[in-house]
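Spelled out from the first residue to the last, the chains are:
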Amino acid sequence: MYELIFFGMYAFVLVAAAIGVIASRNPVHSAMFLVLAFVASSALWLLMEAEFLAMTLVLVYVGAVMVLFLFVVMMLDIDVKSLRTGIMRYAPIGIIVAILSVAQVWSVVWLRNSGLPVMARPAAAPADYSNTKELGAVLYTEHVYAFELAAFILLLAIIAAITLTMRRRAGLKVQNVAEQVAVKREDRVRIVKMEAESD
Amino acid sequence: MAEDGIAMLESLYNSVESLLLEFLPELWVELILTAVQIVILVVVIIICVAFLTLLERKIIGYMQNRIGPNRVGPRGLLQPFADTIKLLLKEVIVPDRSNRFLFIIAPLLSLTPALATWAVIPLFPGFVIADVNAGLLYVLALTSLGVYGVILAGWASNSRYALLGAMRSAAQIVAYEIAMGFALVGVLMAGRSLNLGDIVTAQEGGVLSWFWLPLLPLFLVYFISGLAETNRAPFDVAEGESEIVAGFHVEYSGAAFAMFFLGEYANMILISALTAVMFLGGWESAFAGWTFLAGTPLEFLQAPSLAWLAVKIAFFLFCFLWCRATFPRYRYDQIMRLGWKVFIPVTIVWIAVEGVMVWLKVGPWSV
Chain X
0 MYELIFFGMY AFVLVAAAIG VIASRNPVHS AMFLVLAFVA SSALWLLMEA
50 EFLAMTLVLV YVGAVMVLFL FVVMMLDIDV KSLRTGIMRY APIGIIVAIL
100 SVAQVWSVVW LRNSGLPVMA RPAAAPADYS NTKELGAVLY TEHVYAFELA
150 AFILLLAIIA AITLTMRRRA GLKVQNVAEQ VAVKREDRVR IVKMEAESD
Chain B
0 MAEDGIAMLE SLYNSVESLL LEFLPELWVE LILTAVQIVI LVVVIIICVA
50 FLTLLERKII GYMQNRIGPN RVGPRGLLQP FADTIKLLLK EVIVPDRSNR
100 FLFIIAPLLS LTPALATWAV IPLFPGFVIA DVNAGLLYVL ALTSLGVYGV
150 ILAGWASNSR YALLGAMRSA AQIVAYEIAM GFALVGVLMA GRSLNLGDIV
200 TAQEGGVLSW FWLPLLPLFL VYFISGLAET NRAPFDVAEG ESEIVAGFHV
250 EYSGAAFAMF FLGEYANMIL ISALTAVMFL GGWESAFAGW TFLAGTPLEF
300 LQAPSLAWLA VKIAFFLFCF LWCRATFPRY RYDQIMRLGW KVFIPVTIVW
350 IAVEGVMVWL KVGPWSV
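One line per chain: the protein sequences are X and B, in this order. Counting from 1, position 118 in the first sequence corresponds to residue 117 in numbering that gives the first Met the number 0; the numbering is continuous, with no gaps. Counting from 1, position 121 in the second sequence corresponds to residue 120 in numbering that gives the first Met the number 0; the numbering is continuous, with no gaps.
Everything labelled a hint here was simulated from the structure, so no lab data went into it. Check the hints yourself; a few may be wrong.
Covered stretches of chain X, as calculated for chain B (at least 3 residues, CB under 8 Å) [stated by the list, open to error]: (1) 56-62; (2) 65-74; (3) 140-152.
It should be emphasised that the depicted structure is a prediction, and the values quoted were computed from it without experimental measurement. We put the beta carbon where it would ideally sit given N, CA and C, even for glycine.
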C-alpha cells in the first residue's frame, strides 16, 4: 500500500524530470533536471531493495558524471535561440527512439501476460540481508573475468582520453616540481649586513 | 554513569513509544519518533555551528595574539547570536540578470547534504537514526552532492568572480573526493562492513586498536582531503579573497549567505565526526583495555559514551581552525598536484598493503 504510493510519487517525479530535460530552454536547467531524474530513479531502486545500486547511481552519476557535465555546460557559450531552431531537424530521430523504447517495454509486458512460464516475484529479503555483501560475493568470484574486463576497458578509455589531449608544442613552459621543492633558503635569500647609520 | 544516562534515555523512549501506540498506528508512531530525533539532532548541530564560529574567532585570535570578540555577553559568548540576528535582518539581494530560482536554491543544496549525512552516524552505543547496512556508501553519495550548491551558486550569480570560484571549487572537490573514497575503502576492508556502527565496534579496545594506527596514511589523507572538501584553509582558493573577492558566494547576502556559512561549518563538524567514527573509534573509550584503571575513581573513563565522540570531534575541529591559523593558502596547481599525484597513489598503495596484511592475518583485524 505505502510502497505503491511512494512508487507512484517517485515515478511521477522521474517522468516529469525526464520531460524537463528535453523541454527546458536553458541547458543548465536541463542538466539539473537530469540530476533530479537520477535521484528519483535511485529512490525507485531503493524501493526494490537494491540499495547498493541506488547508492552507486547517486555516487557515480550525480556525484561525479553530472558535476563534470554541468562544468562543461556552464563554460559553453550557448546561443539558446539557435538551439531551438534545430529541434525540428532532430524530431524524427527522437520519435523513432521513443517508439522503439516504448515497444521494448510493451513487448516485455506482453510476454509476461502471454502465458509463458515467468519467474515469480522474489520474496522480500529479511532485514539483516545485505545487498552489498551478496553483490560483492558474486562480483569477485563468479563474474571476476567480466569485472576485470570492464575495468580494463575503462583504463583504456582513460589512457585514450589522455593521449588525445596531450600535445607537445614548441615554447611550452613547464615547471620542474622537484627543482622547486629542492630549493634552499640560500638559493633565494641573501642576507646583507649593514652598518647602522649614525648622525 | 554514562550507561545510566543511556538506560534512562532508552526507558524514556520506550515509555513515549508505548504512550503513542495507544492512539496511533505503528507506522505513524515510528515516523513521529524519527522526526523528533531528527529535529533534536539538527538543532544541536546548528547550535554547535553557532559556537564553532565563536570558537574559530577566539582560537585564531589567541593564536595571533589578539583577544577576539569579547563585547556581546560574558566573554563574547553571545556573539554568534548577534551575528545570526544581523544576518537574518539583512536584505537578500538577487543580482540583476541572475538565474533567480537556482540562485535561491543553491544555498539549500549546500546545507542539506551536510545535515542529511548525520542520519547514519552512530552517536553513542545503540543509537543511530538510520541503521543502514550500506552506511558508508550513503555517506559517500551524500558528501558528493555538496558540490552542487557551490557550482550552481557560482553560475546562477551571473558574476565572473563567482564563476571562477565555482570552477576552482568544483575541480578541487572532484579531485579530492577520489582520495577520500579510496581512504574509505581501506576503512571498510578493516572494519569488514559498510555499517558505521559495525565499524565502530570493530575498533573496540583502547586507543591502540583504533584504525588510525594501522591505517595511518589513509587517516591523514582522509583528514586533509576533508579540509579540501570543505573548502577550508589552506585549500580555500574557491573563496580566495585576495584574487576573487569571496569566490562563489560574492553575490550572496543576508539569510542566503547565512545558509552557505551554516553549510560550511556543518560540513566541518560532519567531516570531524566521520573521521572520529572511522579512524578514532567513535564512541569507544581510549582507555578501554587499561585494566589497572578498574576500581579507581577514574573507572568511568573506560565506559564508551557520547562524551568520547564529542571530545574526538572537538579535537578535529580544533585541527581545522589550527590549520587555518597556521598555513598560507596553497597555489591552485599545487592543490591539484597534491590531490592527483600524491594522495591517490598513497591511498592505492596502502590499500594494497592492507590487502596483504588482511590476507596474512597481520594486524588488529586478524580475527
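Assertion that chain B covers the region 140-152 of chain X - criterion: three or more residues, beta-carbon distance below 8 Å: Since 0 is below three, the answer is violated.
Stated coverage of the region 56-62 of chain X by chain B [criterion: 3+ residues, CB within 8 Å]: Our answer is that it holds, as 4 residues pass the Cβ test (under 8 Å) against chain B, meeting three.
Verdict on chain B covering the region 65-74 of chain X, criterion of 3 CB contacts below 8 Å: It holds, with 6 qualifying residues against the three required.
Violated hint for the displayed structure: number 3, the only one.
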